[in-house]
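S.K.: Construct the entire structure; sequences and hints are all you get.
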Amino acid sequence: MLEIRDLHVRVDEREVLKGIDLTIARGEVHAVMGPNGSGKSTLAYALAGRDGYEVTGGTVRYRGADLLALSIEERAREGLFLAFQYPVEIPGVAGTTFLRAAVNARRRHRGERELDAMQFVKFVREKQAELNIPDDMLKRPVNVGFSGGEKKRNEVFQMALLEPTFAVLDETDSGLDIDALKMVANGVNALREPARSMLVITHYQRLLDYIVPDRVHVLAHGRIVKSGGRELALELEREGYGALTAAEAA
Amino acid sequence: MSAVDAAAETVEALGESGYKYGFVTDIESDTAPKGLDEEIVRFISAKKGDPEWLLDWRLKAYRLWERQQDEEPRWAKVSYPPIDYQDAYYYSAPKSVDRPKSLEEVDPELLATYEKLGIPLHEQEMLAGVAVDAVFDSVSVATTFKGELEKAGVLFCSISEAVEKYPELVRRYLGSVVPYSDNFYATLNSAVFTDGSFVYVPEGVRCPMELSTYFRINAANTGQFERTLIVADKGSYVSYLEGCTAPMRDEHQLHAAVVELVALDDAEIKYSTVQNWYPGDEEGRGGIYNFVTKRGACRGSRSRISWTQVETGSAITWKYPSCILQGDHSVGEFYSIAITNNRQQADTGTKMLHVGRDTRSTIVSKGISAGRAQSTYRGLVRMQGKAESARNFTQCDSLLIGDKCGAHTVPYIEVRNRSAKVEHEATTSKISDDQMDYCRQRGMSAEEAVALIVNGFCKEVLQELPMEFAVEAQKLVGLSLEGSVG
Ligand SMILES: Nc1ncnc2c1ncn2[C@@H]1O[C@H](COP(=O)(O)OP(=O)(O)OP(=O)(O)O)[C@@H](O)[C@H]1O
Ligand SMILES: [Mg+2]
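These protein sequence lines are chains A and B, in that order. One point on numbering: in the working numbering, the residue at position 119 of the first sequence is 119, and numbering is uninterrupted. In the working numbering, each number is its position in the second sequence, counted from 1, plus 1000.
Watch out, some of these pointers could steer you wrong.
Derived pair list, reagent style SDA-like, types lysine to any residue, alpha-carbon separation capped at 20 Å [stated by the list, open to error]:
| no. | chain 1 | residue 1 | chain 2 | residue 2 |
| --- | --- | --- | --- | --- |
| 1 | A | Lys226 | A | Arg215 |
| 2 | A | Lys139 | B | Asn1455 |
| 3 | A | Lys139 | B | Asp1358 |
| 4 | B | Lys1421 | B | Asp1358 |
Sample of chain A residues facing chain B (criterion: CB under 10 Å; computed from the structure) [as the list claims (entries may be wrong)]:
| no. | residue |
| --- | --- |
| 5 | Arg50 |
| 6 | Val88 |
| 7 | Asn104 |
| 8 | His109 |
Keep in mind the hints are simulated off the structure, nothing from the lab. Here a beta-carbon is modelled for each residue, glycine too, at the ideal position from N, C-alpha and C.
M.R.: Laid out in structure tokens, this is it:
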């Protein structure tokens, strides 16, 4: 599904990712953990194709094709989804308007008929129940005045609507209370299927109790310094990043 | 098909990019010689079959204008080379349309033109439930829905027809809100106006449908000087829509219209404009000079006048739809979106003159600048001595796209009554990269993202538009910003 080879990324004149190698097979869920500022979000943005995240070396193949050759929206239309660590507010644009534009952009890309307002409401209803998204949240402007938890739930809701092939969740568990965490995890688990892969960035092993990953990676100082099964997350929780990052820095 | 669908479909049918209304219709027209002098004014007056009093009025206006020729207003933040008023035509009428009695008599070429513009006059009459008066170059070519309006007692026709049929009404109100001496362009308009719409809604009548005028400049080197007069008698209500387009031409064309509104006791007038005159090309060649005077008088107690405008076109816009709040408890509103891209310049805003007690006004202005455009909000709020407990709220928001454009806010506030209150809020913002990336990560193109974000920015104004126009206006917002990013 996704094959990252020796990826170097520069942000603001500074090399943040210094050679990432990571392969995620079809249907797999990988977790990425690591200290603040280690480059986790940078990896997410570089995969999404944001401006300002300049790839200075390496390759990324996505479903056999060169991901880096595509613009941010082309990647999205090809099924790449990023749940933002800090979801963005768009004043005056109702949630439904935003979502319909997003869903229709993808449908156009796939040569499907666009959904009109009525059809879209029907389509949304089903998904809304699963994630307990109240109507009110869809009528309000995108993310404006949402609580931290609401913003995160809204990201997963968008993911459910857009049915991506590959999803990156950047700290989607941060700031959630226990119930919301379960809800978000259930939402994500419901989307797990053989044709869909995910990269889950988190600081807390607790999330991985709910979303059980196939692999766990530790990112420090712009490199993956350790990979393992889900027991690696438990080990990190006990011992912290200290030992790993010290070894790397040496 | 509902009017909204029709509007949406029309806009879609208009294609992918660029100015969609830039075609020229091949129609023989009847044109006055170039230039302007007393003879031309008399020529126009004769063509229109004016009564004596109207010719006199025109001549008074012309003589005043002649004396002021060098006093074109220069205070607006717009720049353009001097206009040679002798190098333009002041009268051009499609030859075949010598006042048609019904749509059947209208030249099929003309009807086809309006179809292309998305104003199928035939269908409009049958389906959309919007009465349309279409002004082509200088002459009103068709007014739809006459029958139904007559039943309600609403008079809706071209102003020439009104002069002929309802001279008393026209004489009483014409120039009563915007006198011929008001300003340079209004004076010019008073001398040479050729057509426009007239509406009279009798006492207690709620006009059963939206009334609408589409203006179209077709002929080359022709100025368009239409004059619109709307009178809402006691306790009546009318909603009026105005739309405009012009073909693409290299030279600038002058549009100097005057709109006068009069609302008597408890009457309400809602006036909406979607102005999409040709804006010129990327380098600023061609485009309409839109120098327009629009003013409404809330003469009666508890009367209300609401201006909503979406200004996306024209090379230069100079326009301040205003309200004179004479009646006690009267209400004035101004909701505006002004989008400027490339080399466009807009200096627009409003004047709210509070005369009566407990008068209220609301101003919401959204200015969007992209490319090398310059956009200025200029507004005056005046609380006169007798405006006891009057209130104004003004909100002025500017949005910049790119770093070569400019946005300016020039509020004038004059308060002569201690109990009056004026509130003013202003913001300037940019579309953030975060917002763009967020939308694009969801699959939208950069242009779609800009259109979405800008529509969100304009929401408070867009929601003031009647449904028929809202969809069209939203699409227009996107279209007019094409090429502003990426
Ligand atoms: N736009 C930017 N401009 C300047 N520096 C940046 C930018 N984005 C990221 N960086 C820097 O790159 C480094 C990695 O940042 P990144 O956001 O990827 O870390 P992270 O692992 O996601 O951290 P956290 O756990 O706090 O979310 C940091 O030192 C950060 O300051
Ligand atoms: Mg991060």
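S.K.: With reference to the structure, classify each hint as holding or not holding.
M.R.: These are the hints, each one checked on the structure:
Taken as a hint, the Lys226 (chain A) and Arg215 (chain A) pair is honoured in the structure, with Cα atoms around 11 Å apart against an allowance of 20 Å. At most 20 Å may separate the alpha-carbon atoms for a hinted pair to count; Lys139 (chain A) and Asn1455 (chain B) meet this at roughly 15 Å. Taking the CA atoms of Lys139 (chain A) and Asp1358 (chain B), the gap is near 35 Å; set against the 20 Å cutoff, the hint is violated. For the suggested pair Lys1421 (chain B) and Asp1358 (chain B), the alpha carbons sit about 10 Å apart, so the restraint of at most 20 Å is met.
Restraint check, Arg50 (chain A) versus chain B: the minimum CB separation of about 5 Å is within 10 Å; hint holds. Annotation: interface hint on Val88 (chain A) holds; nearest CB of chain B at approximately 4 Å, less than 10 Å. Hint on Asn104 (chain A) holds. Least Cβ distance to chain B is approximately 9 Å, under the 10 Å limit. Checking His109 (chain A) against chain B by beta carbon gives a least distance of about 7 Å; that is within 10 Å, so the hint holds.
The structure is inconsistent with hint 3 alone, although it conforms to all the rest.
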